[in-house]
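Work out the full structure: start from the sequences and follow the hints.
The sequence shown maps to residues 1 to 139 in UniProt numbering.
Hints are not guaranteed to be accurate.
[To be verified] Label-pair distances were calculated between CB atoms; the ranges are:
hint, residue 1, residue 2, range
1, Ala-59, Pro-27, 17 to 23 Å
2, Tyr-128, Gln-1, 35 to 41 Å
3, Leu-70, Lys-109, 19 to 25 Å
4, Pro-82, His-113, 20 to 26 Å
[Unchecked claim] No more than 25 Å apart at the CA atoms, straight line, and that leaves these computed lysine to any residue pairs for SDA-like:
hint, residue 1, residue 2
5, Lys-109, Val-55
6, Lys-104, Thr-88
7, Lys-104, Ile-13
8, Lys-17, Gly-32
Worth flagging that the hints you see were computed from the coordinates, not collected in a lab. All C-beta atoms, glycine included, are put in the ideal place defined by N, C-alpha and C.
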Amino acid sequence: QRCFICGKSGATITCCKEDCGQSFHLPCAKEGGCVTQYITPYSTCHFAHPFSHQVLCCAHCPEQKVEATLKPGTKCPICMEPVEDRKTYSTMVRPLCKRAWFHKDCIQKQAIHSVFFGFCCPYCQNYYQFLMEVFIMGI
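As structure tokens, this is what we get:
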């Protein structure tokens, strides 16, 4: 298979969307805006069940349904750097807080360095809904 991101052969990951067929290398996935979702194989999330994953190419990635508007000068509460003034692949908004905009890379780093059950929204400390949103967005 040829990687649709870099154009080289040897791509072993394929978008899970039916009839898509886009293939890519794992290192190219993030660079190309692809999302790997780590989800449970059941309709409800019980942490005792093993997690599975699905990979979506950039054309089929989930978009957050955001009603909150980004105020000028909004900063990521983790790195304190400005957040882009629109929804992008590299940003994420916390729907319940509506004012919490993050860089996805910052959330990813926080997730890696947190104890799994200590990973929660930096604003409201919500655990479950924040974790579900993070899983859906591929973090």
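Against the 25 Å threshold, does the CA-CA distance of Lys-17 and Gly-32 hold or violate the hint?
Satisfied, since the Cα-Cα distance of roughly 16 Å is no more than 25 Å.
Outcome of range test on Cβ distance (Leu-70, Lys-109; 19 to 25 Å):
Because 21 Å falls inside the window, the suggested range holds.
Are the Cα positions of Lys-104 and Ile-13 separated by 25 Å at most?
The hint holds at about 22 Å.
Taking the Cβ atom of Pro-82 and the Cβ atom of His-113, is their distance within the range 20 to 26 Å?
22 Å, holds
Do the alpha carbons of Lys-109 and Val-55 lie within 25 Å of each other, as the hint requires?
It holds: about 20 Å lies between the C-alpha atoms, which stays within 25 Å.
For the range 17 to 23 Å, tell me whether the beta carbons of Ala-59 and Pro-27 fit it or not.
Because 19 Å falls inside the window, the suggested range holds.
Do the Cβ positions of Tyr-128 and Gln-1 conform to the proposed distance bound of 35 to 41 Å?
Since Tyr-128 and Gln-1 have Cβ atoms about 37 Å apart, the given range 35 to 41 Å holds.
Would you check the hint for Lys-104 and Thr-88, treating anything up to 25 Å between C-alpha atoms as holding?
10 Å, holds
Going through the hint list in order, the structure satisfies each hint without exception.
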